[in-house]
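Taken in sequence, the protein lines are chains A and B.
Numbering follows the numbering used here, in which position 260 of the first sequence is assigned residue number 260; successive positions increment by one, without gaps.
Numbering follows the numbering used here, in which position 191 of the second sequence is assigned residue number 191; successive positions increment by one, without gaps.
Mixed in with the good hints, there may be bad ones.
To be verified - Negatives, chain B to chain A, calculated, CB over 12 Å:
1) Ile19
2) Leu29
3) Arg51
4) Ala53
5) Leu97
6) Phe126
7) Asp147
8) Thr186
9) Tyr234
10) Ala238
11) Gln290
12) Ala295
13) Phe311
14) Pro331
Claimed, not checked - Taking lysine to any residue and the SDA-like style, the derived pairs with C-alpha atoms no more than 20 Å apart in a straight line are:
15) Lys466(A) with Ile42(B)
16) Lys205(A) with Gln177(A)
17) Lys475(A) with Glu48(B)
18) Lys276(A) with Lys544(A)
19) Lys475(A) with Leu188(B)
20) Lys205(A) with Leu188(B)
21) Lys567(A) with Gly547(A)
No lab work stands behind these hints: they were computed from the structure.
All C-beta atoms, glycine included, are put in the ideal place defined by N, C-alpha and C.
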Amino acid sequence: MKRFKILLAGTVAALAAANSAYAGRGTDGDVKILFWQAVSTLNPYLSGGTKEVYSSSMIIEPLARYDETGSLVPWLVTEIPTVQNGGVAADMKSITWKLKPGVKWSDGTDFTADDVVFTWQYCTAPDGGCAQKAQFEGITNVEAVDKQTVKVSFSEPKYYPYGAFVGAQQPILQKAQFKDCVGAKAPGCTSANFGPIGTGPFVVKEFKPNDVITLTANPNFRDADKPAFASVTLKGGGDAASAARAVLETGEYDYAWNMQVEPEVLETMLKAGKGKLVNAFGTQVERININWTNPDPALGDKRSTVEGGKHPSLSDPAVRKALSMAIDRDIINEAGYGAAGKPTCNIVPAPDVYISTTNDWCLKQDIAGANKLLDDAGWKKGPDGIRAKDGVKLSFLYQTSTNSVRQGTQALVKDWWSQIGVAAELRNISASVFFGGDPASPDTFQKFYADLEMYTNNFDGTDPEKYLTEWLCDKIPSPANGWQGQNMPRYCNPDYDKIVAELSKTGDLAKRAELVKKANDMLTSEGAHIPLIHRGQVSAISAKLDGVRMNAWDSELWNIADWSRKK
Amino acid sequence: MFTYTIRRLMFAVPTLLVISFVIFALLDLAPNDPLGDLPLTIPPEVREQIRAAMGLDQPFFIRYLHWMHQFFVNEPLNIFEQLTGITIGDGERMRVLSWATRSPVVDLIVQRLPQTLWVVGMAYVFGILIAIPVGVISAYRQYSIFDQIGTFVTMVGYSVPTFFTGVLLIVIFSSWLQWFPSIYDTNLVVNDWSSFVLQIKQMVLPVTVLALYNASQIARFVRASMLDNLSQDYVRTARAKGVKEKAVLLVHVLRNSLIPVVTVIALGVPTIFSGAIITEQIFRVNGLGQLLITAVQGADIPLVQTLTFIFAVLIVLFNLIADVLYGILDPRIRYD
């Protein structure tokens, strides 16, 4: 057996030596990727889930992508259109993309402007249930000026026109393949949804839903030397910890996505020396939302609505600030996130131009300061150690989704709050219920039948304009709008609304950054929420894998064409 | 016996209809949402449209009737068409579609069956093969060292959960010794000796975990049943007649003791199909158990509904088979 192994090693070494001499397409064998949440379909328009968006990004591609720094990279186009190069109209009402010449679909046919137009039609068709429809909002027309030119027109001036067809969420579909799958017929096209024809480096060989995907190198890929790998095996299922083990400890796999594992567990696995962790920070922020309305069950239908009135204690700014001051974000990060997080006081944590430092006081825990703040505001400790004023006790229901890291954070926060005379009752709800948005369920994060709730949210791409509209007065969830609305804290400030309105009319980037910072600072200092951790993405990669550029702004697998086996 | 079987089968139809309704109602009442896993960046109005595309905007009874029609009419017709090649009507009919994958549920089940039958089925067979000799010897030599050890091992095997034994085996045999893979490759095609060896290697760990559990359960049954019979009068009679001890044990006692055991084994067969949710998840066998649990987590109601209903059918069916077998094996029992 041992001799056989040596023989095998020798053969591999010989092959490797041969490979480095003739680097080219398909010379590096198979790359094995592990997604512990299995992939359900390869059509991101029908799913919207991150796992589907990432896995399909190896096959179908958008016109432009974000690189790991968050800047736009022309992908299927010759350049990024701007006002300067004439690609964006001076009135900001249209954008014109010039397609790269000579790009072919994996079946050998030409990639043309018609396919781009079709993709827009596909996603905006009624009854199709397209998950990425919001990205095409405000677009009145997409037309093929000629075979290589696409013009996108907007109903109103769009100062950030790079929404549609940019990023892994909106890849271009082939018209020839999907033309009979529009609207209500979309879900029925199983073979197309499971094997989209694309322009990307790989083509689907076999797709087993919720199990495993086998891809082979695209023979018609535009770069003749890429991809270096001949095939990709993307296995799904299991849990994050065992996925980490398969890369870091047993070395069976090359890449494992989304390592939501306690830092100390990863630490021991890394000792095997078979791989490392890579991380990237996008825009995810773990925050505690503060309910500005009264969640008292006695209010019945008016519970947690603006009509139900203000929150009896959280409407006091001093209480909101004290809750934030009492938290030690460094310890939360150390215990639950490690390389996958950093403490933050911002709700817009990235890209760099938008990072504000105004509220950085929150980075340092200040129990004494919080106690003083509450004393001064008239909240007096009772015999049970809990503060109260006019018969209102500082005792809160603090809810989140079921997840070991979140429950750990809850316990830590509860302890710190007890040191400032605030009692917290902890509650956790299954994620599919909490985030499910069923209007009949009392446990959703939209209904917010609690005083405080913790979860993560983020925005797509690099522009936060749309994200900041979530805190507008008219986005407050209520029975009238079926609890649909993203303003969970029920925050409402006309000044804030004004800033956001101005942002939508501002084109100058420096001016935009200023407004974003202003809006961001306002939300945190007024206490719409308590930002805790700027969360990154962590993946495990094998020591034998080269070329991975971890990206939080686009698909993590965005540059898989450049990956290769380390020799 | 035949009329009894027919009667039971007839009675099974309303039972199953009630079961299907109860499952559908329970799933509908459960506060779960198929869009719960989607990123929060997808706005509410788009979510509403996705729900409508899934048919979730229709009232409960309409959805139930849709499912009934798809499952009891369209799916059988489709199977018939595929088997015979004859197209009935225009051949275009709505099949039961999973919400997560947007593909026909029946195709998913067919795709998952092989690995579940291989791994869970094998574990069941091995479990039985281990359990019977262990149970027999334990009972025959009650309170001997073998019995004590056997009792200890079966107790441990029965009470230690598979999510512990599974991970323990991975840490020892995959991480440390590196003998067996920790991840099951469902793409592996067995067509020569080396791929057969690979298949055996990847089956060893999950089958061991499940076989230990199954064997523990059945061995306790065999032992108890053997002990019951060993003290019976007919055993004494056989021994008094001078029948050899081997024949007493294996012919007289074992045969009689196996009657209840066979029933237990028959009743356990449906659990093979429902898969071993935890073990499949740990080793990424991705069979029916994993299909069911991901569907439950993702609130993929058509898939959960269809799978649980098929399990219900199997359970009703194997209950009947167990009853009939009992009648065949035990001459004292007559149904007519």
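*No chain A beta carbon within 12 Å of Arg51(B)'s*: 8 Å, violated
*asked:* So if I understand the rule, the pair passes when the alpha-carbon distance is 20 Å or less; does Lys475(A) with Leu188(B) pass?
replied: 51 Å, violated
*Test the statement that Asp147(B) is away from the interface with chain A: the closest C-beta pair must be farther apart than 12 Å.*
Check passes; 37 Å lies beyond 12 Å.
*Given the hinted pair Lys475(A) and Glu48(B), is their alpha-carbon gap at most 20 Å?*
OK: Lys475(A) and Glu48(B) at ~16 Å, within 20 Å.
*Non-interface claim for Tyr234(B) versus chain A (Cβ beyond 12 Å)*: At about 53 Å from chain A, Tyr234(B) clears the 12 Å cut-off, so the statement holds.
*Lys205(A) paired with Leu188(B) [C-alpha distance capped at 20 Å]*: Cα-Cα ~14 Å, so holds.
*Verify that the Cβ of Ala53(B) lies farther than 12 Å from every Cβ atom of chain A, and report whether the claim holds or is violated.*
3 Å, violated
*With d taken as the least Cβ-Cβ distance between Leu97(B) and chain A, does d exceed 12 Å?*
Since the minimum Cβ distance to chain A is about 6 Å, Leu97(B) lies within 12 Å and the statement is violated.
*Taking 20 Å as the top limit, are the C-alpha atoms of Lys466(A) and Ile42(B) close enough?*
Holds, because 11 Å separates the two Cα atoms, which is no more than 20 Å.
*Grab the minimum beta-carbon distance between Phe311(B) and chain A and tell me whether it stays above 12 Å.*
18 Å, holds
*Taking C-beta pairs only, is Gln290(B) more than 12 Å away from all of chain A?*
At roughly 6 Å from the nearest Cβ of chain A, Gln290(B) sits no farther out than 12 Å, so the non-interface label is violated.
_Minimum C-beta separation from Pro331(B) to chain A exceeding 12 Å: can you confirm that?_
48 Å, holds
In this structure, the hints that do not hold are numbers 2, 3, 4, 5, 8, 11, 12 and 19, in rising order.
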